[in-house]
Amino acid sequence: MATNQNILGLVFASIHDEAVLDLTKNRTMGSVPFGGRYRLIDFPLSNFVNSGISQVGVITKRNYSSLLDHIGSGREWDLARKKGGLHLLPPYSHTGATMYNGRLDALGNVWSFVENSSADYVILSNCDVTTSIDFRPAVQAHIASGADITAIYAKGYYDQLKDRHATIFGIGGDGFVNDVTIDPPMTGNCNLGLDMFVMSKAFLRRIVKESMSRSRYSFRRDILLDRNTKYRILAYEHTGYFAKIDSLESYFNANLALLDSAKRIALFPKARPVYTKTKDNAPVRFGLESHIRNSLIADGCVIDGKVENCVIFRGVKIGKGSVVRDSIITQDTVIGARCSIRNVITDKNVQIADERQLTGSAGYPLFISKGAEI
Amino acid sequence: MLLAGGQGSRLYALTQDMAKPAVPFGGKYRLIDFPLSNCTNSGIDTVGVLTQYQPLVLNDYIGNGEPWDLDRMNGGVHVLPPYESKSGASWYEGTANAIYQNISFIERYDPEYVVVLGGDHIYKMDYSKMVDYHKAQKADLTIAVLDVPRSEASRMGIMICDDEMRVTEFEEKPKVPRSTLASMGIYVFTWAKLKKYLIENENANTGSKDFGKDIIPAMLNNGERIYAYTFEGYWKDVGTLDSLWDANMDLLAPAEQLNLYDKKWRIYSRHNNLPPQYIGTEAEVENAMITEGSVIHGKVDFSVIFGNVTIEEGAVVRYSVVMPGTVIKSGAIVEYAIVGEECVIGKNAHIGRSPEEYDNRDEWSIAVTGHRITVGDGKDVLPKQILSESI
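Keeping their order, the protein sequence lines are chains H and L.
Position in the first sequence counted from 1, then plus 201, gives you this note's numbering.
Position in the second sequence counted from 1, then plus 14, gives you this note's numbering.
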C-alpha cells in the first residue's frame, strides 16, 4: 500500500507495566508474550504499518533488552526503511535527558526525533490494548473536525473492582468529549479510551513544551483531565474487537478469548496481518497419544499429551500422559510426562518435571516465572 | 551452485506451474529450503541457483535470500536464469552446460572450491566438513556417496573405490553392482580443475554436457584425484510423487529420521505471518504435523498439513499430505493422497483409497491433485489418478 509520509506513529512500550508485574518484572509491557507467537507491541506496530504509516518511534523506559532483541531493525514489520522506518527511543538518549514519569515528559525527552520527522500528524499508542485498527479514518475525522486531539475509544465495560488504568469519556451530542474520568467508582458499560490519540505535530509541540515548562508530565492528568484548558477532544469510536490488559486475570482472559473464532478473525484479519519476529520453527508435531481440543498451538511444539482450552506458544513440549487445561504455556516451556496442569500461566523456558501437579483457579491463574524449574 | 532448473516431470501436476525445487514439503517448507539451509548452516554465504523451467514461483520465493541469511553485501544468493549475451542466447543444455554458462558469475567471487548441489533431495548435511575432507585428500573432485542396500544399487550411479576411498571407476545403474556406494549428486570441485573440464567439454561439442556422463568420466580418464566422501544420515530423493509422499510420511514415523526441531541446524523458509493453528472442539488429531494458520475441526490422522489449511468438521484426512491454503469441506475423505496448494475439496468428496482395499497392489498408488484444483462435492479421485484440472 502507499505509504503515508504525513503521519508519525509513537508507541509507549512501558506504560502501565505495573498492571501485570509478574510478566513485566524483566521486560517492558511491549515485550509481554501474547497469542501464541506475538508480543503486545506487535499490535500497535502492525496497526501502524497496515495503516500505511512507516515512520514509527518506540519509547521505552526500562528493561528493554528483550524488546530490542524482538524489534531489531524493524524488518519483520516492514519498518527497516531508509525513509522513515522504526526508531527505538530509550531514555537518557542525549545530554540532559532524564528518566520519564509520564507520556508528556517522555515526549519532551524524545522531542528532537518528533521534530525532525516530516510528519504533520502524530498518533500515540500504548501496548496494553490488543486490537486491529486502521488509523486512517480516525486521522481523516480528526482533520475534518478541526479538533485539537482525537481520542480513539470503544464501547466497553468497566468493573471498578477488577479494572485499572481505564480512561472513561463522556461524549456530547456533537461527538466531542465533555468529561474524562480515570478509574471512576462505577461498574457498567462506558466509553473506554483505548489510549490512542491523534494530534497535529504542531499541537503536540505546544502541549509538550508548555508542560515541560511547568514540570507537568502526565498526559492523562495534565491534558485530558485539565478542565481549564478546554482542549477540543473529538471522540472517535473503534468498533472492532479489543482486549485491554490491565491485570494478570485480564491477560489470561485475553489470551483464552482467542479460542473464539470470531475474536481470532477480528484480531488477525487477513487484510491486516499482525507481524512479529519469526523463529523458523518446524510445524507442530502431534504424537500418537496426543489429544487436543479447543486450543491454539504455535509452531515448533511437540505435543504428546492432552491439551484442552489452551494457548500454547512456540517451541513447547508436552510429555505423554500429561493433561494441560485452561492454561497459557509460553515459549519453550517443557512439561514432562503425566503432569496435571490447570489454570496456569508459564513464562518462557519453564521446566516442569514428570508427574507435577499445578493448579490455579479461573479468576486467579497460577503464574510460573521465566526459567523456573519445577 | 544449486542446480534447480529441472522440470521435475515425474511430479506431474505438482510441477505444472512451478519448478521442482519450489514444490512444498514437510508442512512448512519448499524443497529448496534444504540445500539452501544446509549452505547457510555450513557457512557458505555465496550461492548461485540455476533456474530455467517455470521460474516465477521459485524466484519470488528466493527473493533476496533473506530467510536463509543469504542477503549479503558480499556474496549472498543469486538466481541465475539463462541469458542472452553477445554470442547469443541458449537454454541450459545439461548440468555441465548450466555451470559453463555461469563461469563469469563464479569468477566474480574467485573461489578455490565450488560445491555443486541438486535441488531434489531432503537431507541435512554440513558441506564444510566435505570441503575439509576434499582439502585433506588434495582432491580435484570429491563426490558424496551413500551406502545403499544392494537391491537399490542398480538404480543409481555407483562409485568403485580403493582402500583410501579414491574413486577408480564409476558405473551408472549397473545390473550387477560391484559396490554399494551411490553418488548423491553432491560434488566439491577445485574450481580451477572444474573450469578446465567445463571449457574442454563445451569445445568438444559432443552434444552431451552432463556432469555424470561427461565431466566426471573425463576427469577419471585423465587420472584426476577423485575421492568419495561417505555421508551418514537421512537422505531422500523426492523426484517422484510416491517418494515425495513417502518422505512426508517419514516425518511422522515413530523413529525420527529427519529432525526438524534441532535448533543447531534449523531449516529456514520464507514465512507467511499467520496466527497459530486452531484445533477445534470436535477435532481429532493423532500423529500428525500441522502448521501455522490452519484451522482444524475434523479428523487428522498420520498426515502432514501445511499452513492456512481448513479442515471442516466431519472431514477426515489420513495418511495424506495437504499443501498450503487448501480447504477440505465437511464429510470429505482424503486418504493416501497428496493435495496441492490452494485446492478446494468439496463436501463428501473422496480422494484416494487405502491400499488394503486392493488385492493386487499394482493397481494401487497414491492419489494426487495438482495446485489450485477444485474437486466438486461428492466427487471421487481414485488411487493412481493425478488430477491436473478441476472436476
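Some clues are possibly wrong.
In the DMTMM-like style, the derived pairs of lysine to aspartate or glutamate whose C-alpha atoms are separated by at most 20 Å in a straight line are [stated by the list, open to error]:
# : chain 1 : residue 1 : chain 2 : residue 2
1 : H       : Lys464    : L       : Glu326
2 : H       : Lys478    : L       : Glu300
3 : H       : Lys478    : L       : Asp83
4 : L       : Lys277    : H       : Asp270
5 : H       : Lys507    : L       : Glu296
6 : H       : Lys363    : H       : Asp447
7 : H       : Lys480    : L       : Asp276
8 : H       : Lys507    : L       : Asp85
9 : H       : Lys507    : L       : Glu300
If you are wondering where the hints come from, they were derived from the structure by calculation, not from laboratory data.
Against the structure, the hints come out as follows:
A threshold of 20 Å between alpha carbons decides the hint, and for Lys464 (chain H) with Glu326 (chain L) the separation of about 19 Å falls inside it, so the pair holds. In summary, the hint linking Lys478 (chain H) to Glu300 (chain L) is not supported, as the alpha carbons are separated by about 29 Å, beyond the 20 Å threshold. Proximity of Lys478 (chain H) to Asp83 (chain L) is assessed by CA-CA distance (about 15 Å); at most 20 Å being required, the pair is judged to hold. Straight-line distance between C-alpha atoms of Lys277 (chain L) and Asp270 (chain H) comes to about 18 Å, which keeps the hinted pair within the 20 Å bound.
Taking the CA atoms of Lys507 (chain H) and Glu296 (chain L), the gap is about 14 Å. The hint holds against a cut of 20 Å. Pair hint Lys363 (chain H) plus Asp447 (chain H) holds up; C-alpha atoms about 9 Å apart against a cutoff of 20 Å. Taking the CA atoms of Lys480 (chain H) and Asp276 (chain L), the gap is about 13 Å. The hint holds against a cut of 20 Å. Between Lys507 (chain H) and Asp85 (chain L), the direct Cα distance comes to roughly 42 Å. Violation of the 20 Å bound is thereby established for this hinted pair.
Taken as a hint, the Lys507 (chain H) and Glu300 (chain L) pair is honoured in the structure, with Cα atoms around 11 Å apart against an allowance of 20 Å.
Taken one by one, the earlier hints fail for this structure at numbers 2 and 8, listed in ascending order.
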